Amino acid sequence: MTMQWLFYIAGAVALFASLRAVCHRHAVHALLYLVVSLLALAMCFYLLGAPFAAALQIIVYAGAIMVLFVFAVMLFNITDKDIERERQWIRWQVWVGPTLLVLLLLAEVVMLIQLQPAGAQQEVQLIEAKTVGGLLFGPYLLAVEIASFLLLAALVGGYHLAKALGRPHDGAP
Amino acid sequence: MNFWYSFLAIVVLVMLLLPTAAMLVWVERRLLGFWQERLGPNRVGPYGILQSLADLIKILFKHDWIPPFADAKVFVAAPLMGALAVMMSYAVVPMAPGWVISDSHIGLLFFLAMTSLAVYSVLLAGWSSNNKYALIGAMRAAAQTISYEVFMGLSLLGVVMLAGSFRLSDIVLAQQEGWFILPQCLGFVLFLIAGIAESHRLPFDLPEAETELTAGFHTEYSGIKFALFFLGEYLGVMLISMMITVLFLGGWLAPFGLEGFIPPIIWFVLKTFVLISFFILLRAALPRPRFDQLLAFGWLWMLPLSLINLLVTAALILGGQ
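Note that the protein sequences, when read in sequence, are chains A and B. Using the numbering used here, you'd call the opening residue of the first sequence number 1 and step up by one each time. Using the numbering used here, you'd call the opening residue of the second sequence number 1 and step up by one each time.
Where hints are given, some of them may not hold.
Stated by the list, open to error - Derived pair list, reagent style SDA-like, types lysine to any residue, alpha-carbon separation capped at 25 Å:
hint	chain 1	residue 1	chain 2	residue 2
1	B	LYS73	A	HIS29
2	A	LYS130	B	GLN176
3	B	LYS73	A	ILE78
4	A	LYS130	B	LYS58
5	A	LYS81	B	LEU56
6	B	LYS73	A	VAL22
7	A	LYS130	B	LYS132
8	A	LYS163	B	PHE291
9	B	LYS132	A	VAL22
10	B	LYS132	A	TYR8
11	B	LYS58	B	ILE101
12	B	LYS62	B	ALA91
13	B	LYS73	A	ALA64
14	A	LYS163	B	PRO289
15	A	LYS130	B	ASP170
16	A	LYS130	B	LEU31
17	A	LYS163	B	MET139
18	A	LYS81	B	ASN131
What the hints assert, rightly or not - Between beta-carbon pairs, the in silico distance windows are:
hint	chain 1	residue 1	chain 2	residue 2	range
19	B	ALA314	A	TYR8	26 to 34 Å
20	A	LEU136	B	LYS58	51 to 59 Å
21	B	ALA315	A	VAL96	55 to 63 Å
22	B	GLN176	A	ILE113	33 to 41 Å
23	B	ILE317	A	LYS163	34 to 42 Å
24	B	GLY319	A	PHE69	50 to 58 Å
25	A	TYR8	B	TRP99	29 to 37 Å
26	B	LEU270	A	VAL22	48 to 56 Å
27	B	CYS185	A	LEU115	32 to 40 Å
28	A	ILE127	B	ILE265	33 to 41 Å
29	B	ALA315	A	TYR8	41 to 49 Å
30	A	ILE83	B	VAL14	32 to 40 Å
Simulated from the structure, these hints should not be mistaken for lab results. Remember, predicted model here, so these are calculated numbers, not experimental data. Ideal placement from N, C-alpha and C gives every residue a C-beta, glycine not left out.
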């Protein structure tokens, strides 16, 4: 019972933080809300019995990727003018289309839950790191390889873009 | 283990950690003085032992100032985040058999996760100060932390493979046959260097290099908020030392079959203290590298070495089966 309440609280935090991440007028503050949302998701993963995924969620998303986002946005020198422009962009008329689409999705999810047989709610199974590793290098090997190709391509691209132009082969790293 | 027992353990741990970190400031300054052939603080109390108390009183009476040009909310939250992230990590460190707040089965990953979150403190402190020195310090901190985090995790995987678990008490117990510093000597050195870089200690304290950045990311901080950064740094040093003890030096296990007459916690504290002294010795002995040298060293030497360590360890374990 406690676990369920913890889950609902974490879910509510994730929902609220995601909303703030979308609506906030200040880019850095919005990113911080996104970090909170990711942390809350990690909590949800943990409570659903996936501790390894939860830890990776924090290490990779909250701790590395979002740091780079904050790092980049922090250098934009956000002024009051930008915040004012953001305020003009975020008006209620903008929200009508997305809200309708999301409501449609919500209706689908509710129907899906309704359609499921009553006994489908099982006990929480703990998924350890070993199981995840076995799955990644077993049935999902192809997906892992494709992801690693993508990362390699990104790496080569990043190297190419960051290479110092004009002074080739001077030994500088 | 019920709720109140854990709560009591947390309170006791915090009550022990904070004064220890404060005392560490005095220990560091005395040791630095000793190694640099000068006296160090020796006025307040016998051998200057009350220096930290005097510093604390001074810091508490300082004006708790928020610069008018700063982003006030983030400015206040940043030092708290750093200190909290470090203190959270202590929850999974086993100090003696059963002496741990949460013997989590993902303890090592939890430690890595909290370390990776601690970077936000420095990053946001530098950004919210709205000061060029602070911003440059924050940029350096982010680049350095992200780079060194990569092989901090990789260097530990050898230990995880040997112990077959992420649970820190399992890792300690797996070292009964022999400490992991021998089979994982490369991993030990890599983790030590990464640990120094993660806690921004000299020679890796480029985010706060005073000769070029005044005080780096905490230039605008004063009073109790500055004290939190200070506390976070010393807690970080203690944490890294404890983690090295747990992962490579057998945790609470006694060396050379000396079990019996000395309680495990004493061994743990002794090993940790030796490592902390080593950290301080490094600070006394080494100069600061240039920032691009630091990053190049990380990516060109440390990362390949940790990958080699990982490969060789995995191959040896597979071959031994």
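Outcome of the hint check:
1. B:LYS73 - A:HIS29: Holds, because 10 Å separates the two Cα atoms, which is no more than 25 Å.
2. A:LYS130 - B:GLN176: holds (24 Å)
3. B:LYS73 - A:ILE78: holds (16 Å)
4. A:LYS130 - B:LYS58: Not satisfied, since the Cα-Cα distance of roughly 52 Å exceeds 25 Å.
5. A:LYS81 - B:LEU56: It is violated: about 42 Å lies between the C-alpha atoms, which goes past 25 Å.
6. B:LYS73 - A:VAL22: holds (19 Å)
7. A:LYS130 - B:LYS132: violated (46 Å)
8. A:LYS163 - B:PHE291: holds (18 Å)
9. B:LYS132 - A:VAL22: Not OK: LYS132 (chain B) and VAL22 (chain A) at ~29 Å, beyond 25 Å, violated.
10. B:LYS132 - A:TYR8: violated (42 Å)
11. B:LYS58 - B:ILE101: violated (33 Å)
12. B:LYS62 - B:ALA91: It is violated: about 32 Å lies between the C-alpha atoms, which goes past 25 Å.
13. B:LYS73 - A:ALA64: Satisfied, since the Cα-Cα distance of roughly 23 Å is no more than 25 Å.
14. A:LYS163 - B:PRO289: holds (23 Å)
15. A:LYS130 - B:ASP170: With Cα atoms ~16 Å apart, LYS130 (chain A) and ASP170 (chain B) stay inside 25 Å; holds.
16. A:LYS130 - B:LEU31: violated (45 Å)
17. A:LYS163 - B:MET139: Cα-Cα ~20 Å, so holds.
18. A:LYS81 - B:ASN131: holds (19 Å)
19. B:ALA314 - A:TYR8: 26 to 34 Å: About 42 Å separates the Cβ atoms of ALA314 (chain B) and TYR8 (chain A), which means 26 to 34 Å is violated.
20. A:LEU136 - B:LYS58: 51 to 59 Å: holds (54 Å)
21. B:ALA315 - A:VAL96: 55 to 63 Å: holds (60 Å)
22. B:GLN176 - A:ILE113: 33 to 41 Å: violated (50 Å)
23. B:ILE317 - A:LYS163: 34 to 42 Å: holds (39 Å)
24. B:GLY319 - A:PHE69: 50 to 58 Å: Roughly 43 Å apart at Cβ, these two residues miss the hinted range, so it is violated.
25. A:TYR8 - B:TRP99: 29 to 37 Å: holds (33 Å)
26. B:LEU270 - A:VAL22: 48 to 56 Å: The hinted range 48 to 56 Å holds for LEU270 (chain B) and VAL22 (chain A), with Cβ atoms some 53 Å apart.
27. B:CYS185 - A:LEU115: 32 to 40 Å: violated (58 Å)
28. A:ILE127 - B:ILE265: 33 to 41 Å: holds (34 Å)
29. B:ALA315 - A:TYR8: 41 to 49 Å: holds (47 Å)
30. A:ILE83 - B:VAL14: 32 to 40 Å: Given a distance of about 39 Å, which is inside 32 to 40 Å, the answer is holds.
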